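Asks: Chain by chain, the residues:
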Amino acid sequence: MTTDIENTKTVQAWLKGLEDQSGVSRDEGLQRVAVLQDFCALVDKEPDQIIAECLREVEGGKKIRAKGRRFYADRITEFESSIGGGAGEKRQMGNYIRSFLIHNGVLLQTSPLS
Amino acid sequence: MNDLKSCPSVQKWIENVNRYYNLSDEEWDSRLQTLADFCRSEEKDPDTVIAEALADRGEKVDFIRRLKKFVKTQTSNPRVGHDLENIVRSFFIHNGARVVTRPYRGDA
Amino acid sequence: MEFKEVVGRRRSIRYFLPWRPVERDKVQTILEAARLASRAGNADFARAIVVERDALSKADLASLTLPVNAGMIEMAPIHIYWWGDLKAFARDMPSRAAEQVDMGILNISHGWTHTFINEVAYPQVVQAFSSDEVLCAKVTGCEAGLAISQALLAAVDEGLGTMLCTYPEEPARQVLGVPDSWTSLWVQFVGYPAESWEAGGQRPRPPLGELFHEGKYGQPFRGTEEGAARLRAEKMIQDPAPFSWRKEEVRAVSRMLGLPEE
Amino acid sequence: MDFLEVVGSRRSIRIFKPWEQVEKEKIQRILEVVRLTTCPGNLQPWRAIVVERDKLSKEDRETLLACDNYQGAHVNAPVWIYWFADVEGSTADTFRTRVHDLVDLGALPTFYGWTHETIDSAIVKGETAPEGMPAIHSLIHGLPREAAEAVARQETVGACAVAVLAAVNEGLGTCLHMAASAEKTPDLHAVLNAPEGWVPVWCQLVGYPAESPDGGGQRPRLPFETLYYDGAYGKPFARNAEVVEKLEEEKLLQEEMPKPGRFEELKHLARMLGFPL
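Residue numbers (our numbering), protein chains in the order written: chain A, 1 to 114; chain B, 1001 to 1108; chain C, 2001 to 2262; chain D, 3001 to 3277.
Simulated from the structure, these hints should not be mistaken for lab results.
Quick caveat: nothing in here was measured; it's all calculated off a predicted structure.
Just so you know, not all the hints are guaranteed correct.
To be verified - Each computed PhoX-like pair below joins lysine-lysine, with the alpha-carbon atoms no more than 20 angstroms apart: (1) K1069/B <-> K1044/B; (2) K3251/D <-> K2026/C; (3) K2026/C <-> K16/A; (4) K2235/C <-> K3026/D; (5) K2026/C <-> K3259/D.
If we strip away everything but chain A, and leave its shape as in the complex, we get (with noise of 0.2 angstroms):
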């Protein structure tokens, strides 16, 4: 599988992330990338340009834009929502794009399911 993403810097680093902290295989990383495919036609964003919202550069490292991340993470919300299944499907899909944010540095929470 393909996607015009991989190959952004972004989606790399997050590959990279899950493959090394989680042991998630480069195949079941990629069918995640298409689920972010989907999401940035949502949103209508490349991957390093939804990253870029969410954190900016200062000396010797990076900070996070509370704005960009609070817009991302009620986007997310809004995509989870028009995924079909039941509430646990719904969150994994959700899930996947939050991880794609986490391991780039940008930290996000969620509210645990009821």
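With chain A held as given, fit chains B, C and D onto it using these hints.
Replies: Relative to chain A, chains B, C and D alone:
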């Protein structure tokens, strides 16, 4: 969706599950959507599906085999597939058509 | 539970069962343990506001939330917001010391008299303390920390999961109606663990000699192998992280709670 | 754990953590406890085959699961202890040998009538046992195989009750499950290579509980007064409220089902493990 809700088998399903778990209306909407999609792929209404599965064990096994195929058309993600399958399995189980259910680990 | 085992079992629990309430008497036990902690001048440094998550309005919960505490603040049914009272020492020390002189707790043998307290200790120690913000913050943090530490151990002893996290000071002051002289310290989350109590094993710590020295800096304190073996038998030293099944556990618990797994 | 708390905390755990393996030592400790449990004539007819689910071949695992209808808890538990009753272990001859030993060791006192001679004449020849001894001439002499099997089974069931408590004492979750339906019993024997004379009694599932160890509270039990009588049937054994209170303190008597939040818990566990709701 309202058509679906008028089927006795679907009513029974919702009542049985909600007696213990009270799932939200939103969750029921998407569960019913999954069931509706499956029934459409079978070209049968839910009551017929249950009646056939209860009448003939072989037919029930065939339903589950086709359910697995159906799920593959919905997602390529094995876990999401397992969860989608479970929605339809739950529909069978709560209507008395016993089907084997497995946890994520092992060979479902 | 034996004391050493309680110390050995304590570790930060980060996944709680959101639906399982904590018994009121267990919360009381935690606070009682904190009340009895060691504290300089017997002054009331450690203060706390206990909050039931479900009693908070949505808006109040949101204003207590930070990105780093976000998941836990919703999972843990009990929050204990710990504060340090910056005025405690100056306010409490003279009267508490005098009281302890009268009770035979502070005695002549150690130089304690009403005269010493009123004429020497008060101007030299208490007033100096009040005018030195850095010293005051340092001591308040340390003294309140002693109480918080006992609160953590008491929670573990009660079979609960617990951990400390940060909270936003000014929003919390508003929501909880806390006086200006209190400084924010930690929020202690309390609940029944959704992960196993081992939470993947005892956390890595440098060896004794790297942290603690003997005689003077540079001479590591040397423990013995027998000493360590005894502490293992008494369950203070336990199996270290990482447990082989930890990642699988985290994945399952995250799945259960709908949190990102990978 | 104190004995009363072990008994009070025991309940059938049906939802296990698939990721946490049970230490081999803990299994051994359970087996050691059962080895010392009570039985008539020191017969010890229980046998066990310990199976670790994840070490089975897929084929064997499926066969064993099919033997008891793929029960959910069985699928979910990491360790399966198959308890068998060995019919050879409770024949008249075994009884005779074991009881001889007990006499020689001083467990059965001669002044109650126990000697090699009285034992042999009662069991082998069917002559009436002297007063002071049980009526083994009628119980054991000419014991038919079906009766031997019944004895072996009943004693193994008793041993299983102890095995369950031993597992709780180790901090494990456990419950007894049917091992195999009658028509599937040969499959069970084949996979486990169990001797022909071993009759499957229970499959003890063991693992770390994923549900709360209290399993949602103590199970409903029949009222004390309807179970136990004083002197003769009809006069219920009086239940003293103070004793009950003390037993609550000692954790024999714990909060009963249903406790709030149980279905919330089950919903989350189903999501975690991938079971349908």
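Asks: State for each hint whether it applies.
Replies: We went through each hint and held it up to the structure:
Taken as a hint, the K1069/B and K1044/B pair is honoured in the structure, with Cα atoms around 16 angstroms apart against an allowance of 20 angstroms. Pair hint K3251/D plus K2026/C holds up; C-alpha atoms about 17 angstroms apart against a cutoff of 20 angstroms. For the suggested pair K2026/C and K16/A, the alpha carbons sit about 44 angstroms apart, so the restraint of at most 20 angstroms is broken. For the hint linking K2235/C to K3026/D, the alpha-carbon distance of about 17 angstroms falls within 20 angstroms, and the restraint holds.
Proximity of K2026/C to K3259/D is assessed by CA-CA distance (about 18 angstroms); at most 20 angstroms being required, the pair is judged to hold.
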